[in-house]
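K.L.:
Letter by letter, the chains look like this.
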Amino acid sequence: MDTFDFIEMKVPAKEEYVGVVRLSISGIANRMGFTYEDIEDLKVAVSEAVTNAVTHAYEVNENGEVTLGFAIYKDRLEVMVADHGGSFNLQEVKKNIGPYENDRSIDELREGGFGLFLMQALMDKVEINNDSGVIVLMTKFIEEIGVELDDDHVSTTQ
Amino acid sequence: MNLEINVTEHPDIILVQLSGEIDAYTAPQLKDKLIPLTNRKGVRIEVDLENVNYMDSTGLGVFISALKSSKENGSKITLFNLKDRVQRLFKITGLHQLIDINLDERGVNN
Numbered sequence: 001m002d003t004f005d006f007i008e009m010k011v012p013a014k015e016e017y018v019g020v021v022r023l024s025i026s027g028i029a030n031r032m033g034f035t036y037e038d039i040e041d042l043k044v045a046v047s048e049a050v051t052n053a054v055t056h057a058y059e060v061n062e063n064g065e066v067t068l069g070f071a072i073y074k075d076r077l078e079v080m081v082a083d084h085g086g087s088f089n090l091q092e093v094k095k096n097i098g099p100y101e102n103d104r105s106i107d108e109l110r111e112g113g114f115g116l117f118l119m120q121a122l123m124d125k126v127e128i129n130n131d132s133g134v135i136v137l138m139t140k141f142i143e144e145i146g147v148e149l150d151d152d153h154v155s156t157t158q
Numbered sequence: 001m002n003l004e005i006n007v008t009e010h011p012d013i014i015l016v017q018l019s020g021e022i023d024a025y026t027a028p029q030l031k032d033k034l035i036p037l038t039n040r041k042g043v044r045i046e047v048d049l050e051n052v053n054y055m056d057s058t059g060l061g062v063f064i065s066a067l068k069s070s071k072e073n074g075s076k077i078t079l080f081n082l083k084d085r086v087q088r089l090f091k092i093t094g095l096h097q098l099i100d101i102n103l104d105e106r107g108v109n110n
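Protein chains in written order, with the UniProt record's numbering: chain V, 1 to 158; chain Z, 1 to 110.
No wet-lab data here; the hints were simulated from the structure. These numbers come from a predicted model, not from an experiment. Any given hint might turn out to be false.
To be verified - Listed next, with one range per pair, are the computed distances between beta-carbon atoms: (1) V:23 - Z:35: 27 to 37 Å; (2) Z:41 - V:74: 38 to 48 Å; (3) Z:42 - V:75: 52 to 62 Å; (4) Z:100 - V:74: 44 to 54 Å; (5) Z:68 - V:5: 37 to 47 Å; (6) V:3 - Z:10: 58 to 68 Å.
Unchecked claim - Capping the alpha-carbon separation at 27 Å, the derived lysine-lysine pairs in DSS-like fashion look like this: (7) Z:31 - V:14; (8) Z:71 - Z:31; (9) Z:91 - V:125; (10) Z:76 - Z:91; (11) Z:41 - Z:68; (12) Z:33 - V:14; (13) Z:33 - Z:76; (14) Z:33 - Z:71; (15) Z:76 - Z:31.
Stated by the list, open to error - Footprint (simulated), chain V over chain Z, 3 or more residues, beta carbon under 8 Å: (16) 3-17; (17) 57-64.
The beta carbon of each residue, even a glycine, is placed where N, CA and C say it ideally should be.
So here's chain Z without its partners, still in its complex pose (with noise of 0.2 Å):
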């Protein structure tokens, strides 16, 4: 019930590799590490969630900020690899449609 958070940085992108839960225990750790990293300009990140098994709102939340610190700051973050549950949370709440989401395989060329 823990959440694994890796952060590498490319020449290109930063990829942000999830594994575990987000729920209220473990969003604000989350929340903790992806913000600082929208708050820098011109970088685009890659939140890989390939190995997220259980998010519920606390983590759209986590992502709603995101966005909007990365608007603001004028990066760019978008999601890809989501699991069938995780990504019909999304589709359920109408996010989809606000929030980058690649829907291929990988998002990143590596």
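Chain V with its partners taken away, still in its complex shape (with noise of 0.2 Å):
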């Protein structure tokens, strides 16, 4: 059985609480000894997730919150973030993630366009479940065990 270490995590949906996440997200993957790197690359995955939350949620409720899940493993960390608010249209976000390529205009680029194409880049996995709210589950293992870096994708359990 994979046992794991849990802490939860609540925040007011404001951006100026983004920053506090990510120290917390910092000091958990330091003590579960990930590498410099890598620590660098949860901070702004997680930071994109919560970010996502915070600007969604703020348009349903302007006092919500944020929760968050750190699930410790021995192997991996896997990142919940949840906001509750309503749900989004995820094909219609999906169609719009990915890096700029040279044939497109800057004037199709969108100001907001590559929070979740950087959550995908920076984490082994990344899944979005859109039922109640929004809820991101993102997993990066230490020492980059199990998923290469490249096999990245996002999968979806409506």
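Reassemble the complex: the two chains are provided individually, in unrelated frames, and hints are given to aid placement.
P.N.:
Structure, rendered in structure tokens:
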């Protein structure tokens, strides 16, 4: 049986708390023995998820909260980020992610278009559940055991 | 977890020195300072990111906006002194092909 320690954290759905979450993830990842590079990746990926939740939650309810869960396994860290707002159009979001390519004009670039793409690029696995509110579940393995960086993908459970 | 934004005007360039973290909280402040500068036709803006130790997609968003605005208004914007981590984000997203990033130590002759 795969045992794990679990840390739960709730922050107000406000931009000023994204940095607080970043300090927390940095501490957790450091204690688990992630490399400096991986800790920096985790900071960006988790910040992206929280930023999305804050932006999204704010549209629904100004006084919302973002709930985070950190499951600490021997070989990996799972991070759950949940807002409790309404759902969003996942197909629409997925259609718009990816790196910039030469043939696209700058006018097509959206300012907020790289958040989900960066989560995928920096984590080993990203899943999004969109049933009630949005829940992002991201996994990163210590020392890249298991999944290669190139195998990044988003899977969805609706 | 704050961002310090220091703007100094030189004869031929405007130097913007950033220090701290660019995230969802600080990106709007950066945007408010940077966009009005790009509206000035003919100016050259050099953004020094030497002391930016964290940036995410919100920062990329600000620089995309600044680039769009500079193209519309006939100004020019260059980024320089990027830390490896920050530079990596531009590379992963492919934006290094679009945004003028000076990889040398300094983009300013002073």
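K.L.:
Does each hint hold? Answer for all of them.
P.N.:
Quick rundown of the hints versus the structure:
1. V:23 - Z:35: 27 to 37 Å: 29 Å, holds
2. Z:41 - V:74: 38 to 48 Å: Distance hint for residue 41 of chain Z, residue 74 of chain V is violated at roughly 59 Å.
3. Z:42 - V:75: 52 to 62 Å: Hint holds: Cβ distance 56 Å, inside 52 to 62 Å.
4. Z:100 - V:74: 44 to 54 Å: Since the Cβ atoms of residue 100 of chain Z and residue 74 of chain V sit about 45 Å apart, the hinted range of 44 to 54 Å holds.
5. Z:68 - V:5: 37 to 47 Å: For residue 5 of chain V against residue 68 of chain Z, whose Cβ atoms are near 46 Å apart, the range 37 to 47 Å holds.
6. V:3 - Z:10: 58 to 68 Å: 60 Å, holds
7. Z:31 - V:14: 18 Å, holds
8. Z:71 - Z:31: 16 Å, holds
9. Z:91 - V:125: 20 Å, holds
10. Z:76 - Z:91: With a Cα-Cα distance of about 21 Å, the restraint between residue 76 of chain Z and residue 91 of chain Z holds, given a limit of 27 Å.
11. Z:41 - Z:68: 13 Å, holds
12. Z:33 - V:14: 22 Å, holds
13. Z:33 - Z:76: Cα-Cα ~15 Å, so holds.
14. Z:33 - Z:71: 17 Å, holds
15. Z:76 - Z:31: 16 Å, holds
16. 3-17: Answer violated; 0 residues pass the 8 Å Cβ test.
17. 57-64: holds (count 6)
When the structure is compared with the earlier hints, violations turn up for hints 2 and 16 and for no others.
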